[in-house]
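Asker: Residues per chain are reported as follows:
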Amino acid sequence: MAKRTILIIAILIAVAGGGYAWMEFNRTTAKADDLPVKETISAQDLLAAFTADEAAATTRFVGTTEQVVQVSGTIRSIEPAVDITNIVLGTESELAGVVCEFDPADVPADWRSGASVTIKGICTGMLMDVVLVRCTAVE
Amino acid sequence: MKTLRILPITLALAPLALSAQERFATRNGHIAFLSETAMENIAADNRKVTSVFDATTGAIEFAVLIKAFEFEKALMQEHFNENYMESNTFPKATFKGKITGVGEDEMKKEGTYMVSAQGDLTIHGVTKPVTVKGTLTVDAAGAVKASGEFTIKPEDHGIKIPGVVRDNIAEQVKVTVKLDYAKM
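Here the protein sequences line up with chains A and B, keeping their order.
In terms of the working numbering, the first sequence opens at residue 246 and continues consecutively.
In terms of the working numbering, the second sequence opens at residue 201 and continues consecutively.
Possibly wrong hints are sitting among the right ones.
As the list claims (entries may be wrong) - The list that follows gives simulated cross-link-like pairs (lysine-lysine, PhoX-like), each with its CA atoms no further than 25 Å apart:
| id | chain 1 | residue 1 | chain 2 | residue 2 |
| --- | --- | --- | --- | --- |
| 1 | A | Lys283 | B | Lys273 |
| 2 | B | Lys273 | B | Lys296 |
| 3 | A | Lys283 | B | Lys292 |
Claimed, not checked - Between beta-carbon pairs, the in silico distance windows are:
| id | chain 1 | residue 1 | chain 2 | residue 2 | range |
| --- | --- | --- | --- | --- | --- |
| 4 | B | Ala382 | A | Thr310 | 33 to 43 Å |
| 5 | A | Asp355 | B | Ala343 | 42 to 52 Å |
| 6 | A | Glu324 | B | Thr376 | 18 to 28 Å |
| 7 | A | Thr363 | B | Lys353 | 38 to 48 Å |
| 8 | B | Asn288 | A | Arg272 | 17 to 27 Å |
| 9 | B | Met314 | A | Asp348 | 28 to 38 Å |
| 10 | B | Thr331 | A | Ala350 | 35 to 45 Å |
| 11 | B | Ala343 | A | Asp279 | 17 to 27 Å |
| 12 | A | Arg357 | B | Asp320 | 36 to 46 Å |
| 13 | A | Arg272 | B | Glu306 | 40 to 50 Å |
| 14 | A | Tyr265 | B | Asn288 | 21 to 31 Å |
| 15 | A | Ala354 | B | Thr376 | 28 to 38 Å |
| 16 | B | Lys298 | A | Tyr265 | 44 to 54 Å |
| 17 | B | Ala382 | A | Ala261 | 29 to 39 Å |
Please keep in mind that the hints were generated in silico from the structure rather than gathered at the bench.
On a predicted model such as this, the values are computed, not experimentally measured, just so you know.
Heads up, the beta-carbon is just placed ideally off N, CA and C, and yes, glycines get one too.
In isolation and in its complexed conformation, chain A is listed as follows:
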């Protein structure tokens, strides 16, 4: 009886472990909506933080694991590309902004240049602009 119980428990553990491993192996990347918001900030202040001290801003907004930044600002441009749409939030700089990469299906139909919007995205750092990926609109 004891052997049978141990065998059943071992099988259950093996099935659970295998199931977890399978799910983990096939886990897809999370969208910003699936993760908690780490920081809330305006596009201007986000760019200013990276401009003032890129290393410190990277630590704060990019982090060592993926983290979500909620950014508010005015749409400077909407740039459709292959498989994605970029929403560029304007700043005081004419050249630099905050680029938010969306799945085209997730961009609200009524968004236009000049609209004030709030966006959640995973911050990946700064090149010419601060870059957020896997973004979602905040209603």
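Take the given structure of chain A and dock chain B to it, following the hints.
Answerer: Same frame as chain A, but now just chain B:
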């Protein structure tokens, strides 16, 4: 000093820009890589490539954020960032070089040209010379598109591959680049 941090690529080309009349830029370039082995294929895309191209001199630069590479599977992406690219320590990869195979006059008329870009590729903090073969297209409106392909060996850039997964990662990883420029 602040501006230098905002526009590292643009300002790196500033000396060139002083004499340049035909400069192009993009912030939406696409880089993809493919590691193909009998065990598995590993692919990722980065659609946030920032690049500047000076058609007068042929100078070209591009930069990518390592954490902006997107994988189909989250676990692969995590391993890529944490175990191989160490993206917290080396957050960017860059290329600085020069395109040859197309002249200033050709850049002013519609056509597709076979070109090659030679320069320095910095990945994982290690810089190596690389030659990228590709095409450069000028359309009727004067817009410029560049595409190219090259291979890299992870070990050349100090990326350590543990023996247990050596057979899962290609010795030579194929990289493709597509850049749709707009005039600056």
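Asker: Next step is simple, just say for each hint if it's right about the structure.
Answerer: Hint by hint, here is what the structure shows:
1. The hinted pair formed by Lys283/A and Lys273/B meets the criterion: a straight-line CA distance of about 23 Å does not exceed 25 Å.
2. With a CA separation close to 31 Å, the supplied pair Lys273/B and Lys296/B exceeds the 25 Å bound.
3. A distance of roughly 23 Å separates the Cα atoms of Lys283/A and Lys292/B; the hinted pair therefore holds under the 25 Å criterion.
4. The beta-carbon spacing between Ala382/B and Thr310/A, approximately 34 Å, falls within the hinted interval of 33 to 43 Å.
5. A hinted range of 42 to 52 Å is violated for the C-beta pair Asp355/A and Ala343/B, which are about 29 Å apart.
6. The hinted window of 18 to 28 Å between Glu324/A and Thr376/B holds, with their beta carbons roughly 21 Å apart.
7. A hinted range of 38 to 48 Å for the beta carbons of Thr363/A and Lys353/B is consistent with their spacing of about 44 Å.
8. About 21 Å separates the C-beta atoms of Asn288/B and Arg272/A, a value consistent with the hinted range of 17 to 27 Å.
9. Checked against the hint of 28 to 38 Å, the pair Met314/B and Asp348/A passes, with Cβ atoms roughly 35 Å apart.
10. For Thr331/B and Ala350/A, the hinted distance range of 35 to 45 Å is satisfied, since their beta carbons lie about 39 Å from each other.
11. In this structure the supplied range 17 to 27 Å is violated for Ala343/B paired with Asp279/A, their Cβ-Cβ distance being about 37 Å.
12. For the pair Arg357/A and Asp320/B, the supplied restraint of 36 to 46 Å holds, since their beta-carbon distance comes to about 42 Å.
13. Checking the proposed 40 to 50 Å range against Arg272/A and Glu306/B shows it holds: the Cβ atoms sit about 48 Å from each other.
14. Distance hint for Tyr265/A and Asn288/B: a CB-CB separation of about 27 Å, consistent with the stated range 21 to 31 Å.
15. At about 33 Å, the CB distance of Ala354/A to Thr376/B agrees with the hint of 28 to 38 Å.
16. Hint check: Lys298/B to Tyr265/A, Cβ distance near 51 Å, so the stated range 44 to 54 Å holds.
17. Separation of Ala382/B from Ala261/A is about 53 Å and departs from the stated range, judged on CB atoms against 29 to 39 Å.
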